[in-house]
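As given, the protein sequences belong to chains A, B, C and D, one line each in that order. Per the working numbering, the very first residue in the first sequence carries number 1; after that it's consecutive. Per the working numbering, the very first residue in the second sequence carries number 1001; after that it's consecutive. Per the working numbering, the very first residue in the third sequence carries number 2001; after that it's consecutive. Per the working numbering, the very first residue in the fourth sequence carries number 3001; after that it's consecutive.
Derived from the structure by calculation, the hints contain no laboratory data. Some clues are possibly wrong.
[As the list claims (entries may be wrong)] Taking lysine-lysine pairs in the BS3-like style, the calculated list, with each CA pair at most 27 Å apart, reads:
id	chain 1	residue 1	chain 2	residue 2
1	C	K2172	B	K1500
2	B	K1500	C	K2589
3	B	K1354	C	K2603
4	B	K1354	B	K1500
5	B	K1070	B	K1122
6	C	K2036	B	K1425
7	B	K1354	C	K2036
8	C	K2589	C	K2603
9	B	K1425	C	K2169
10	C	K2394	B	K1425
11	B	K1468	C	K2603
12	B	K1122	B	K1133
13	C	K2603	C	K2561
14	C	K2589	C	K2172
15	B	K1354	C	K2172
16	C	K2561	C	K2394
[As the list claims (entries may be wrong)] Now the in silico label distances, taken between C-beta atoms and shown as ranges:
id	chain 1	residue 1	chain 2	residue 2	range
17	B	E1167	C	D2646	48 to 58 Å
18	C	V2686	D	I3145	26 to 36 Å
19	C	Q2667	D	I3145	15 to 25 Å
20	B	F1080	C	V2649	27 to 37 Å
21	D	V3117	C	V2665	45 to 55 Å
22	C	R2033	B	P1129	39 to 49 Å
Bear in mind the structure is a predicted one, so any value in this text is a computation, not a measurement. For each residue, glycine too, the CB sits at the ideal point set by N, CA and C.
Listed here are the chains, written in short residue letters.
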Amino acid sequence: MTVGLVHYLVVAAALFSLGLFTVLTRRNAVAILMGVELILNAANVNFAAFSRFTAQNVGGQVMALFGIVLAAAEACVALAIVLAVFRTFRSVDVNDTDKLRG
Amino acid sequence: MEYQSTSTLLSWMVFTPLLGAVAILLAMAFRGTLRLEGKWMDDFARVVGVASMTAVVLMGIALYLGFDGKSTAVQFIHHFVWIREYNIEYFLGVDGVSITMVLLTAAVGFVGMLASVPWWGKLDDHHHPHFSKRRVPGYMVLFLLLQTGIMGTFCALDFFMFYMFWELMLLPMYFLIGIWGAPTRTEADGRVRGGPYAAIKFFLYTLAGSVLMLLAMIALYYTSGPATLVDGTPTQHTFNLLYLARMGQQGLFAGAAPILGMAFSKVVFVGLFIAFSIKVPMFPFHTWLPDAHVDAPTPISVILAGILLKTGAYGILRFNFSILPEAANWAAYGIAVFGAINIVYAAFVCMAQKDLKKLIAYSSVSHMGFCLLGFAAMTPQAMSGAVFVMVAHGIISPMLFLIAGVVYDRAHTRDINGFGGLASKLPEYAGITGLAFMASLGLPGLAGFVGEVLVFLGAFGSAIAGFKVLVMVSVVAVIITAAYYLWTIHRMFLGPLNEKWAGLWDMNWRERFTLYPLAVLTVLFGFYPMPLFDLMNPTLGWLVETVSRVGNIL
Amino acid sequence: MELHPFPYLFLIPLFPLLGAVVNGLFGARLQRRMGKNAVHALAIAMPWASFAVAATAFATLAGLSGESAVHQSLWPWFSIGQFNADMAFSMDRLSGVMTLIVTFVGSLIHVYSTGYMHDEQSYWRFFAYLNLFMFAMLVLVLGDSFLTMFVGWEGVGLCSYLLISFWYKDSKNAAAGMKAFVVNRVGDAGFLIGLALLIWALFPENLTGLSFREVQEVVTNPAVRDRLLSSEVFGVGLVSLICVLFFVGATGKSAQIPLYVWLPDAMAGPTPVSALIHAATMVTAGVYMVARLNFLFALSPAAMTVVATVGALTAIFAATIGLFQYDIKKVLAYSTVSQLGFMFMAVGVGAYWVGIFHLMTHAFFKACLFLGAGSVIMGCHHEQDMRHMGGLSKLMPVTAITYLLACFAIAGFPFFSGFFSKDEILWKVFDTGNLLLPGGGKLLWLLGALAAVCTSFYMFRSYYLTFSGAYRGHGYPHESPRSVTFVLSILGILSVVGGYVGLPILWGLPNWFEHWLEPVFEPSAPFILSAGGTHATEWTLMLASVGIALAGFLAARWLYKGAANPVPARLLSSPNPALRFVHRLVFNKYYVDEAYQAAFVRKSLDLSRVLYRFDQGVIDFIVNACGTVSRFFSAIQGWIDYRLVDGMVNGVATLMVTGGRVLKVTQTGRIQSYVYGIMGGAIALVVAAWWLY
Amino acid sequence: MSIADILFYCLALLTVGSAAWVAFSRNIVHSAFALLGTFFGVAGLYVFLSADFLAVVQALVYVGGILVLILFAVMLTGRIGDVQVTNRSAGLVPGLLLLVMMVALLAGLAVNTPWPVSVPGPASPTTAAMGDALLSEYVLPFEVISVLLIAALIGAVTLVRKEEDR
């Protein structure tokens, strides 16, 4: 059956879930970042898919563009945090960094 | 536009003690600079106290000389608007009804002051400092405040002002009994008694009464008809007692809207009557008096018995009888019955007393019963007799309490059976006590008799037939009174001298200064009561005439 | 009744008052510094001075017309509307006689007291009280209005209280004094009610004042009299109720049947006191009062009957008790009660002047008897029991003679004063028609005669017991000093001569006394009826009374003359139990005292205790209960306030804390758990949105 | 089933597979490289969606920038030589459960909702259109994004500065 919007949505859903899974189950902060990146990509795929199949204009793609830019900024800051955390905690294990426990 | 100010003497009489009190307080405040320390401060307070009371007595004499007994009008008026919004006026005045009480207040106040000054005579207070040496400035300030309160109560002719002075009287008395009274003690049967207990009981009891008076005041204010303030501004309602009396006599309150379904004037009458009868004290409300007297220091008992009880009786005359004549007629027989109960019941209870002061307190209850009987009889003789009983009792009961004070200061006990044969050791004291007891039991030729016989003879002639029976019952009390007084003399003074009291010494000059003037007054009024009757007869006659003319239409 | 101003009238009561005040206030110092003579000099001078003034007043009175009175008004005492009484003295013929008796006998007794009380420490106090008593008695007698008389009336009661309990160190005397005063007060209460009734009955009849004159004018006016007689109070005739109430006052003062119990105990006082107060003056006040109100009493036969019968009963009752008393003063006390009974019998039947006449003669011989007894007591070193006396006639001749004269007088031997007055009484009683019971007079006469027999018997018994036979006492009795014997002799003579003032008309001799008092009792005269006794019956009665006197005398002489050492207590040891019971009953005064004590005194004490417990238990309990109840409620409010309201506030706080603690767990610090949270929330929202729409 | 569809499925499979590898791999380095596959897969998808400019930017920014950055991070923090570079995930079971539930939920949602699908036009270059859109319709977000980038830049620099001058 021809590739329609639904297919893209399913793929994006899969990407999103895998990303989420990574974030939840990984103990390494960097792995979590990777999960986040997967989630963001899923979102951008959806944007592009909708722009293509429903909006007939490039609005969706502009949003996706912004998504990418943001992802970059976010990754950069996140990694900076990870490095700072690594310097103070000597480890990137998420469980060790629970200083803010209540 | 009537009742314009004629003289400010009354204001001076009411507020001189207050000025004295303020002077003492100021001296207390600046005692550092004035170098008034300890003993000097006490003496200063005493001098100021005695000075202000002497001033009040002198003004009292001026008042007596200036007072025209013939007219029934109010004299020595000092009247100006005080709180305009509520038509409250500063209205002092004195007429036939209150002149005797004002003079009595001045006299007994002076005697009370003399009794609280420990000069002129030895005081045996080695183990417990005599009350007149403890915290003297405070005592003097409160004493003077009390005097202002009482004088104000008798002179005030504005209901609000009357109520204010009525409350002012309570507070100093509470402290005087509480602090300078007897220390707290637990009696044989475990009941806690003592100065503070008595003070609280007195204060709350009278306060409960004055709450009713407050309600009555407000009720009267809002049903009173149009009147004018002293500067002519017309008003819807009024606190002016004389206007209220005039309205009452024109039947305004008799026709007013009923309260809770009962006639207005009856409800207000009962409210006021209960408030005043607590002070009189009347039979069911009298139990505060013996406790207050037993635990109060001597001069306070003098003031309490001498004048404070009269405020209640005066209130009945000034408020219940003048403002609500119909209700007065309706309640006359009831009051008389309570009066008779007062007389006989208290006389019998006196027989069972072991404490001298309690005995005298109950005898006061019995004597004040005569006033009630006299008021209710509504005949000129009974009314004048009743007011005379108030004056006579106002002279005799201070004597009795001073006598109790003399023996208490020496022997530190008031248990009558504990004494015996004092006459041989204290002849002069026995003589003066004999005179006081005889006056109190109504021996002819002394002040007590004049009032009593007038009340008896006057009450006999009252329109209501039941009075004859009440008088006959009250005459029984005369016998019982004689019995318990003589029995007291017997147990205390006659018989062999109880060696325990061999060390007592006879009266000193302080006691003589206080007792002998009263003794002279008792004998004088016993043989020559006319000066007093000239003062009050016209007004009381007019009062009786107006009240009985209105008749019982409720 | 015209009034003649007599400016010195107030001096009569004033002198003794002055004496009393001076001795009272400064007596102790006077006695210490100037000795007892100064004290009694002043004290004696006063009554004699007032006697002198009384005599002059009496003289001026003699010059005036019958109804006139010497009057002086000092100052208005009461005046309220219609009700005014002045402090005024007036002496009409009746009070003139009384004043003379009082001042004369009083002065004599003052002289006597100097001897009797010679070694008494508080000598000045005795004379002060004695003078005070004279003042009170004179005010009573000279009092112009009911109230002024009442001043004297109670003043006398006070002085008798003071004098009876003069030796107060012994509480028995003090108790006797108290008893006297209280019993008098009971009488006075009756008097007051009577007075109130009288006043309010007369007020509508425009009574102007309370003086006897004004009351008499109003009552004697016929229209008023009829209205009074017809009106009733509590179902009893108004006038008779008033009179009976006044009579109650009289019984209190003059020790008649219901209220006589105080007189025998009053013997606890010094003998001159008994002589003056309980024989001559005070006790006669009741008779004077009834005589003074003759215009009232005459109106109601009921009241007169009551007075007469009570008098007769008292006479016979007291006389029987007197038979067996051993204390000489007790004998005389009961004899006084009995003689007073006679006086009231006389006054009760309307023979007022006879009552006053007997009052006068009684004053003389009873004072003489008492003073004689006093000198005997003094002689025997304060021994009052006759069983320890005897044979004193040789040792104390003057006392014995005067005592004998007085006994003859009281017994009613002819030509002695007692005979004239007592015989007249018995005749008037026999001959009266005023009593309710027509034959009543005869019955009362019989009682009177019996009492007369007993009187003469116990008087001579006392004479023989003390003066004849051997001396049974200890110590050596001696004759009293001259002041005592002088007074005794005067009184002895008077008790003989005193009667000649009122000789019976029967003997055709001028009866000055009746003539003198006749105008005073003129308003009651028309109402006094006689049962039409003839001269013959009068003669027979006179002989009968002589016989009575002789009978008593002989019986006493037979029983007690030359009393051997053991008093012949025949009656005591007599085998017949009934007689012994009678003797014990009479000796113990019919146990009246104990009855009164139990009935009235103890009952009123119990009542007062019950009322006091009621007062403390019930009323005070209620007051304190209000206190505790309000404290209880405030405690509840406090608890509510603390537990609930506060509880809620604290509850919220603890809620927050526990909530926080619970939520804290979620802050694990691990990021993934937060993401779980987010995811859980997101899914929940999606499901909810989907489920809802 | 046209060639394009088959190609699309392979590409989709590549993307999802590498994503799964990223999720499940033990070794952090392996997952980093797996991420590369995912990014290229997504770029391919963009091409299918005729979003050519987007595909290029994706490849450039994600692969060139973010992936390199992650690799750096992995290297810097991995403490090579740490034998047990265990990347053991914690709580595997709930994660899987959540994964399946999420996929089911989203896919179900995607399939069931009636998307207002309109037939897509021919694939046309979109760069010019995107440029116009950026500077006309989306100028505000464009400016904001630039500010954000600056802020991120500064933030990252301050975060990793050396300790001593703080």
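To see whether the hints hold, each was checked on the structure:
| no. | hint | result |
| --- | --- | --- |
| 1 | K2172(C) with K1500(B) | holds (21 Å) |
| 2 | K1500(B) with K2589(C) | violated (39 Å) |
| 3 | K1354(B) with K2603(C) | holds (18 Å) |
| 4 | K1354(B) with K1500(B) | holds (18 Å) |
| 5 | K1070(B) with K1122(B) | violated (47 Å) |
| 6 | K2036(C) with K1425(B) | holds (21 Å) |
| 7 | K1354(B) with K2036(C) | violated (40 Å) |
| 8 | K2589(C) with K2603(C) | holds (21 Å) |
| 9 | K1425(B) with K2169(C) | holds (11 Å) |
| 10 | K2394(C) with K1425(B) | violated (44 Å) |
| 11 | K1468(B) with K2603(C) | holds (25 Å) |
| 12 | K1122(B) with K1133(B) | holds (13 Å) |
| 13 | K2603(C) with K2561(C) | violated (46 Å) |
| 14 | K2589(C) with K2172(C) | holds (18 Å) |
| 15 | K1354(B) with K2172(C) | holds (21 Å) |
| 16 | K2561(C) with K2394(C) | holds (14 Å) |
| 17 | E1167(B) with D2646(C): 48 to 58 Å | violated (35 Å) |
| 18 | V2686(C) with I3145(D): 26 to 36 Å | holds (29 Å) |
| 19 | Q2667(C) with I3145(D): 15 to 25 Å | violated (33 Å) |
| 20 | F1080(B) with V2649(C): 27 to 37 Å | violated (52 Å) |
| 21 | V3117(D) with V2665(C): 45 to 55 Å | holds (47 Å) |
| 22 | R2033(C) with P1129(B): 39 to 49 Å | holds (41 Å) |
Violated hints, listed in ascending order, are 2, 5, 7, 10, 13, 17, 19, 20; each of the other numbered hints is respected by the structure.
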